[in-house]
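All chains, full assembly: derive it from the sequences and hints.
Residue numbers (my numbering), protein chains in the order written: chain A, 1 to 223; chain B, 1 to 754.
Everything labelled a hint here was simulated from the structure, so no lab data went into it.
We put the CB at the ideal spot given by N, CA and C, even for glycine.
None of the hints are false.
DSBU-like cross-link-like pairs, simulated, lysine-lysine; straight-line CA separation at most 30 Å:
| hint | chain 1 | residue 1 | chain 2 | residue 2 |
| --- | --- | --- | --- | --- |
| 1 | B | 209 | A | 15 |
| 2 | B | 573 | B | 563 |
| 3 | A | 116 | B | 2 |
| 4 | B | 338 | B | 300 |
| 5 | A | 121 | B | 227 |
Part of the chain A face toward chain B, derived, beta carbon under 10 Å:
| hint | residue |
| --- | --- |
| 6 | 54 |
| 7 | 56 |
| 8 | 77 |
| 9 | 84 |
| 10 | 89 |
| 11 | 95 |
| 12 | 97 |
| 13 | 99 |
| 14 | 112 |
| 15 | 114 |
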Amino acid sequence: MKILKVENLNKVYGKGESEVVALDNVSFEVEEGEFIAIIGPSGSGKSTLLHAIAGLERPTHGKVYFYDKNIYEMNKKELTILRRQKIGIIYQFYNLISTLNVEENILLPIELDKRKVDKKKLDEIIKFLNLENRRKHLPSEISGGQQQKVAIGRALMINPTIILADEPTGNLDTKSSNDIVQTLKKANKEYKQTIIMITHNLEIAKLADRIIQIEDGRILENL
Amino acid sequence: MKIEIKLTFNNIRKNIKRMIFTIISIILCTILIFTTILLISSVRNGITENIETEYNDYHFIIRDLDIDSFNKIKDKRYIDKIYIQEEEDDQLKKLEEPYTFDGINNINVYIKYKNVREVCKYSTDIIETLNLSKEELRYNQDKCEFNQKLLTVYGLIDVYINIDKYNAVARINYSYVIDILIIFILVAFSILFIIILYNSFLITINERKREYAILNSIGGTEGQILKMIFFEGIILGIIGMIIGGMFSIVATNVILNILNNILSDTGYNFRLIVDSKYLILSVCIILINIFESALIPSVKASTTSVMQGIKNNKEIKYKKRVTLLEKILPIEGKIAIKNIRRNRNKYRTITILLVVCMTSYIAISTYINYEKATSEIVNEYDVDAELRFEEPLDYKYILEDYKAKSGDKVEYMEYKITGLFFLVEPESVLITDILVTQYEDNKKSINMGVIGLDDKTYKNYIEKLNASYGDFIIYNNVSEINGDEQLTYTNFQAFKTQDNFKLSIVSEVWYDVVRYEIVDDEDLNGNFILTDELIEGYREIKTMYKHPTIFTNMDTYNKIEEKCEDYASKNKKAVSKFIINNSLNVKVKCGNIIEFSNYIKEIQDINEKKNIEIDAEYYTLENQEKIIYINIVQLILRIIIIAIVVIGSVSAINIINASLCERKQDFKILNSLGATKENINKTLIYECIYMFMKATIISIILSIPILYGIIKYMENIIVLNKLLIPYGSIFIFIMILLLISLSITILSTRAIEE
Numbered sequence: 001m002k003i004l005k006v007e008n009l010n011k012v013y014g015k016g017e018s019e020v021v022a023l024d025n026v027s028f029e030v031e032e033g034e035f036i037a038i039i040g041p042s043g044s045g046k047s048t049l050l051h052a053i054a055g056l057e058r059p060t061h062g063k064v065y066f067y068d069k070n071i072y073e074m075n076k077k078e079l080t081i082l083r084r085q086k087i088g089i090i091y092q093f094y095n096l097i098s099t100l101n102v103e104e105n106i107l108l109p110i111e112l113d114k115r116k117v118d119k120k121k122l123d124e125i126i127k128f129l130n131l132e133n134r135r136k137h138l139p140s141e142i143s144g145g146q147q148q149k150v151a152i153g154r155a156l157m158i159n160p161t162i163i164l165a166d167e168p169t170g171n172l173d174t175k176s177s178n179d180i181v182q183t184l185k186k187a188n189k190e191y192k193q194t195i196i197m198i199t200h201n202l203e204i205a206k207l208a209d210r211i212i213q214i215e216d217g218r219i220l221e222n223l
Numbered sequence: 001m002k003i004e005i006k007l008t009f010n011n012i013r014k015n016i017k018r019m020i021f022t023i024i025s026i027i028l029c030t031i032l033i034f035t036t037i038l039l040i041s042s043v044r045n046g047i048t049e050n051i052e053t054e055y056n057d058y059h060f061i062i063r064d065l066d067i068d069s070f071n072k073i074k075d076k077r078y079i080d081k082i083y084i085q086e087e088e089d090d091q092l093k094k095l096e097e098p099y100t101f102d103g104i105n106n107i108n109v110y111i112k113y114k115n116v117r118e119v120c121k122y123s124t125d126i127i128e129t130l131n132l133s134k135e136e137l138r139y140n141q142d143k144c145e146f147n148q149k150l151l152t153v154y155g156l157i158d159v160y161i162n163i164d165k166y167n168a169v170a171r172i173n174y175s176y177v178i179d180i181l182i183i184f185i186l187v188a189f190s191i192l193f194i195i196i197l198y199n200s201f202l203i204t205i206n207e208r209k210r211e212y213a214i215l216n217s218i219g220g221t222e223g224q225i226l227k228m229i230f231f232e233g234i235i236l237g238i239i240g241m242i243i244g245g246m247f248s249i250v251a252t253n254v255i256l257n258i259l260n261n262i263l264s265d266t267g268y269n270f271r272l273i274v275d276s277k278y279l280i281l282s283v284c285i286i287l288i289n290i291f292e293s294a295l296i297p298s299v300k301a302s303t304t305s306v307m308q309g310i311k312n313n314k315e316i317k318y319k320k321r322v323t324l325l326e327k328i329l330p331i332e333g334k335i336a337i338k339n340i341r342r343n344r345n346k347y348r349t350i351t352i353l354l355v356v357c358m359t360s361y362i363a364i365s366t367y368i369n370y371e372k373a374t375s376e377i378v379n380e381y382d383v384d385a386e387l388r389f390e391e392p393l394d395y396k397y398i399l400e401d402y403k404a405k406s407g408d409k410v411e412y413m414e415y416k417i418t419g420l421f422f423l424v425e426p427e428s429v430l431i432t433d434i435l436v437t438q439y440e441d442n443k444k445s446i447n448m449g450v451i452g453l454d455d456k457t458y459k460n461y462i463e464k465l466n467a468s469y470g471d472f473i474i475y476n477n478v479s480e481i482n483g484d485e486q487l488t489y490t491n492f493q494a495f496k497t498q499d500n501f502k503l504s505i506v507s508e509v510w511y512d513v514v515r516y517e518i519v520d521d522e523d524l525n526g527n528f529i530l531t532d533e534l535i536e537g538y539r540e541i542k543t544m545y546k547h548p549t550i551f552t553n554m555d556t557y558n559k560i561e562e563k564c565e566d567y568a569s570k571n572k573k574a575v576s577k578f579i580i581n582n583s584l585n586v587k588v589k590c591g592n593i594i595e596f597s598n599y600i601k602e603i604q605d606i607n608e609k610k611n612i613e614i615d616a617e618y619y620t621l622e623n624q625e626k627i628i629y630i631n632i633v634q635l636i637l638r639i640i641i642i643a644i645v646v647i648g649s650v651s652a653i654n655i656i657n658a659s660l661c662e663r664k665q666d667f668k669i670l671n672s673l674g675a676t677k678e679n680i681n682k683t684l685i686y687e688c689i690y691m692f693m694k695a696t697i698i699s700i701i702l703s704i705p706i707l708y709g710i711i712k713y714m715e716n717i718i719v720l721n722k723l724l725i726p727y728g729s730i731f732i733f734i735m736i737l738l739l740i741s742l743s744i745t746i747l748s749t750r751a752i753e754e
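Structure (structure tokens):
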């Protein structure tokens, strides 16, 4: 079942001489349960594409459909709530709230949505991420890899339609990177989680079901 | 709401320093507003209490009212209290139901209204109810009267009954002006409050921009982020208000004590009054200010683009233009100026505060200088007061008693004065026509005052002029006064100075032409000393009298008076006089004119009961009150300046601290490229000096029209041939401000070391 459709997405920064086309007529579709890797060199438009899909950056032209609904027809609040309920985002630099501990960071979107906390699910996710001994630790008290796992846990907690991961291993060493990718792979397999992951590392990209190659804002290949 | 509260408390705990600065800013601004309101209510209450004690609390008096008429008005809904007076000098009795008028037909009614501002409206209504006729009001001026002293306190000046229009009016109504002034002061302080607190919140929120962006990216709505920020504002606001409120009470007490000290001789005694109405008003104003200060930064934070917030990058506008300063300064100066221009908004608050401080001080200190000068204007009198006694009263005992009781230094001189017509022989000695009468026989007389001095003063005068005892000193001056609106005095001599002449007292008799009769041609046989110098204590003779004046000793004066009385009894008619003054006059110089006037008023009250009249005029009283007024104004304005400097310093520390935190990365890079601690410190000092110089230039420019306005206003009161701008003290103040600014900068650089 198609859950995401990107149609003729365009993003242009600047004007005149300093105009930069970050995305040039990008279109593709994502089926439920797919693990997609978007690969490309620096400045190819990968992150811009991901942000446009997440509703974090409005494209110049084009549409993004979640279950046949164009997200750019929603207002700011609806878009925010969509992210809260349907889209899990994992950033390169984790972007955890420094004053909340591991458990609180994972529960943050649930609490923002005023939903009742499913303690069982929380325990399950923490166990899944091997963070049982770090539940009450602050982000400053855990390693980079563990922080990224917390970010994954935050994304998984809301049962999202799709997880968007922007270079999740970009700031990690090889061992941690492998760990993170395996975690994402495991989430995709066990929870049937649809994942779009950006990476510049081909080896990591090969672990995905499909690779979309992007260069100069255009899709080159759909592998 | 749970997660928002949790995140709010976490944020507060995360950066204690920032939180403390914000709370301190709120405390200081709370103190400013709260203290102002407490002072207004306490001083207002104190003045009203004082006036009501001295002059009672009624507003309107109706005299000689019959009982039926009284019953028509006594139940009017706008009346708060009624006092009754059965006889004119009786004590006032407060009307309490039931009241019976046994055998009384008419009473004096003293009315206090519920709303003093409507005194005119209510009094008009009462007159209409009583149906008092215009004739009654016109011919019986005492029928209706207002308590002017009390009404003046409320801003209602000269309230009277306009008989033609048949209503009560106030010649000037300042009652709303006072309220408008208070509102203006509170608005001005609120603006300062908002500027300071806005800046404080802006720094705090900027530091958390990234966090707010992350929240937004994972589903935190703008509304939720706004709630967090406002909640934080409320928590800090409540803490700041409570602490600020307590300090305000202390500060108000201190200021009231200083005020009571200044006014110690006036009978005023202010005490702290915490009126619930004013308390609620202050709290509302402070809460509104906190809300407004937090509003814009929080809206900015919640609406910032998510990615921009997460990446935390600032747009740096590239400016190709290099200023002259950047060309001539070393690298530290260049970096300093670039940083200030890049972060213009941040440093604007510091510049504004510096400008406000300097401009306020320049304007305030100049105004006070001019006010002081007006109080030192040479007035017509060179004594502080003058008393006039009926002969049998021992005035020396009264003055010595005052001296002993008060410890005040007192000097006094007695004199008597009359104004007579003097025949001058030969008439050629007279070199003026002013106040000169020519008779049928071509002889001439001139109006002259005669003053009998006490022994001590007379001896001092003759010593001053190298004269001998028994000589007559003639102040040889006549004045011509011209002009209708602006009077100009021109002085002439009356007598030729070299020639000898004879003076005889004459009495003028009017038949078909003016004739004279000699009253006394013996007692004025003596040496005449013509002078244009006056003895100390008689300066008013120069401007108050147009005629020349003879000064003599008291014995001679008394002889002259006896001759006049003899003439009067022989001829059954009084001697022609143009000054008739049978009292004993005493000029007084004292140290504390207010205390002296209060003492004499007590003596006057005592002697009035014995039907002994003492007249008194207090020449320097107005000046003394002016000095007190200046001291109070100075106190208030200095407090305002200190408050602005303190609040400004706290705000500046906060801004600089935040700026340094933000630039830590920059400093690390500079350090890695070889910049030492001294280089970085120099950069910050250049920033400080640049901002300060900019603020100084702006202040000077802003001060020019303000000073022009002050000087123009003061020219109505005093015309001077020099400017009274206190350049010295302004320079010192600016230097102190510069020192404070540099100290803040240097202390802040310690943070960089860490």
